[in-house]
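K.L.:
The listed protein sequences derive, respectively, from chains X and L.
First residue of the first sequence: 231, per this note's numbering; consecutive thereafter.
First residue of the second sequence: 231, per this note's numbering; consecutive thereafter.
Simulated from the structure, these hints should not be mistaken for laboratory data.
Check each hint, because a few of them may be wrong.
Because identical chains cannot be distinguished in the list, a pair is counted as satisfied if it fits within a single copy or across any two copies.
Unchecked claim - List time: in silico DSS-like cross-link candidates among lysine-lysine, alpha-carbon distance up to 25 Å:
no.: 1; residue 1: Lys446; residue 2: Lys506
no.: 2; residue 1: Lys319; residue 2: Lys438
no.: 3; residue 1: Lys286; residue 2: Lys508
no.: 4; residue 1: Lys311; residue 2: Lys286
no.: 5; residue 1: Lys492; residue 2: Lys319
no.: 6; residue 1: Lys475; residue 2: Lys419
no.: 7; residue 1: Lys475; residue 2: Lys399
Protein chains: 2
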Amino acid sequence: MVIAVDAMGGDNAPSEVVKGAVKAVNETPNLEVILVGNQAVIEKELAACSKQEQSKIQIEHTNEFITMDDHPSEIVRGKRKSSMHIGLKLVKGGKAAGFFTAGNSGAAMAVSMVELGLLEGVARPAIGTILPCSNERGFFFMLDVGANVDCRPEHLVTFAIMGSAYAKKVLHIDNPTVGLLSNGEEEGKGDMLTKAVYPILKKTDVIKFTGNVEGKALFKGEADVVVCDGFAGNIALKVSQSVAKYITSMLKQELLSSTVSKIGALLSKKAYNNLKKKTDSAQYGGAPLLGVNGICVIGHGSSNDTAVANGIRVAMNAAESRMNEAIVGDVKDSLASILNY
Amino acid sequence: MVIAVDAMGGDNAPSEVVKGAVKAVNETPNLEVILVGNQAVIEKELAACSKQEQSKIQIEHTNEFITMDDHPSEIVRGKRKSSMHIGLKLVKGGKAAGFFTAGNSGAAMAVSMVELGLLEGVARPAIGTILPCSNERGFFFMLDVGANVDCRPEHLVTFAIMGSAYAKKVLHIDNPTVGLLSNGEEEGKGDMLTKAVYPILKKTDVIKFTGNVEGKALFKGEADVVVCDGFAGNIALKVSQSVAKYITSMLKQELLSSTVSKIGALLSKKAYNNLKKKTDSAQYGGAPLLGVNGICVIGHGSSNDTAVANGIRVAMNAAESRMNEAIVGDVKDSLASILNY
Chain X
231 MVIAVDAMGG DNAPSEVVKG AVKAVNETPN LEVILVGNQA VIEKELAACS KQEQSKIQIE
291 HTNEFITMDD HPSEIVRGKR KSSMHIGLKL VKGGKAAGFF TAGNSGAAMA VSMVELGLLE
351 GVARPAIGTI LPCSNERGFF FMLDVGANVD CRPEHLVTFA IMGSAYAKKV LHIDNPTVGL
411 LSNGEEEGKG DMLTKAVYPI LKKTDVIKFT GNVEGKALFK GEADVVVCDG FAGNIALKVS
471 QSVAKYITSM LKQELLSSTV SKIGALLSKK AYNNLKKKTD SAQYGGAPLL GVNGICVIGH
531 GSSNDTAVAN GIRVAMNAAE SRMNEAIVGD VKDSLASILN Y
Chain L
231 MVIAVDAMGG DNAPSEVVKG AVKAVNETPN LEVILVGNQA VIEKELAACS KQEQSKIQIE
291 HTNEFITMDD HPSEIVRGKR KSSMHIGLKL VKGGKAAGFF TAGNSGAAMA VSMVELGLLE
351 GVARPAIGTI LPCSNERGFF FMLDVGANVD CRPEHLVTFA IMGSAYAKKV LHIDNPTVGL
411 LSNGEEEGKG DMLTKAVYPI LKKTDVIKFT GNVEGKALFK GEADVVVCDG FAGNIALKVS
471 QSVAKYITSM LKQELLSSTV SKIGALLSKK AYNNLKKKTD SAQYGGAPLL GVNGICVIGH
531 GSSNDTAVAN GIRVAMNAAE SRMNEAIVGD VKDSLASILN Y
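I would like the entire structure built from these sequences, with the hints used as guidance.
P.N.:
Set out below in structure tokens:
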């Protein structure tokens, strides 16, 4: 299986991206990577690799690339030979099974929509992400976390179906529960949007809707899939990262404030490292863009080699799982179930 | 100064509420409390108090009270003699300078609107809350955190003005900065609501608007006051509590997983306690309901005696500061500044 990788995307590109690609082909059987970007630059990064490694990595040259400051709408038409455009064209043309980028996520979405198009029955794509939590499995899946800020009810219904299909096919969760992010548990709680979405999700046979999920219950992992619009989802995701950073920095400050505490912290170092590992987003690699006719996985801008390698594997798993066929089928069936209710 | 207190509101009422009231009058000069609720029950709780303490506490008897399950709209007309109604009537009638309750917050808002009415120029009240963060001051103020889920732009503009007035008058922050919670920093980022609000806030002379605040920057405390609708605010607030709980419980689990870590944790105990103290919401006592014509402070349902005592002091400070006069003046001036821009 071949995955195309945006060698020029992300804060640590191309060095960490190339390292991540090498890591991925070394650790993953049957994986080959096409690195898309400036050939000379990539070749320099690959110089130290073994013949064996190099045999699994091709380069697709382009001199254009998208920066974090580029505006998505200008990119789509203005930088048609960017590494994102070329990578997604490889997917469209069947030369790659999926695409991974750690670059500008708004651009990745916009270019994906143009190059891959949308799946049948899907009006808006959504970005999903895995988050750690305290349920038995240790994680849940949330979408949309930023692709669409203003949504209509039917968009959220599609997000629910796509999220459920992803949970089944790629995350291997049987009969995943789906919750709706809201400001209260009861059916009557929510804003206009979620109050309109709730009764439709209740009627949607193809998913196991379990009602509203409050912010305070989010990290308990009560639902396997949590659905929201991209504004609320972005805030929930970013606030959670902000709090985690705040608490760990405050704790560090307190631990360093006395010698006794410092010694204690040294003795507990393994515990801190385990916690860090469990909550490290690099292990999840990347967020799938759901709803486009092809596989595109978006990594964090600050992705290191581990995150890139994991993100490439997310794209590989998504492609192998044939999740897009499942999404198209579920969207069709759900429409029937809502209409026939 | 006299503060009326809902003796029957909250998970730990009446015991912790009465204890909190006693604590407050003992620790705060010039403070008297009227406990509103069942006289016999309250008297029993007060039995162990000294004459001195009892001289500062009156009881206003009523047999009706609101539970957490009561629906706000039914309460307003259905339980006219509830401890909330009576307490807020004491404020309206001038017998108390403010009211504190740890009961049903939706009910507290609904009853406040009926009993106190709204301030001139205010169409919707908002619930504000103090949150700890890593700026120099160590906290910021966010509103609305749940009173209004569907807002129009003018509502958020009023929230900004009210939040700024509260920060100046009650939190004693000179020239407080005001930020708008959004999914990106730039002016063009946001949903339809925040994109409509941004240019109006920019024109509002009476506040120091500093632009959008992203979720990821929230706990850095970049803005003294953060404005949002009650849906996004509720999610941001509750998600932050959920993450904090998740991280601390995971850390505890890791610390207890080996003997060495356990010893380390014991040595670092003071650091953990300091962190807990700094992030404990009980120290902030309660969330002011802004926009009503009187002082109403809403405590967390699980308030202990410390939280109740602090909540009573929040009501006292708000009353002393004459913040409502400032709000009315600022709302009037802002309208002029927006129109004359």
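K.L.:
Each hint: holds or not?
P.N.:
Hint-by-hint comparison with the structure:
no. : hint               : result
1   : Lys446 with Lys506 : both (22 Å within a copy, 18 Å between copies)
2   : Lys319 with Lys438 : neither (35 Å within a copy, 48 Å between copies)
3   : Lys286 with Lys508 : neither (31 Å within a copy, 53 Å between copies)
4   : Lys311 with Lys286 : within (24 Å within a copy, 78 Å between copies)
5   : Lys492 with Lys319 : neither (54 Å within a copy, 54 Å between copies)
6   : Lys475 with Lys419 : between (30 Å within a copy, 24 Å between copies)
7   : Lys475 with Lys399 : neither (32 Å within a copy, 31 Å between copies)
The earlier numbered hints that this structure contradicts are 2, 3, 5 and 7.
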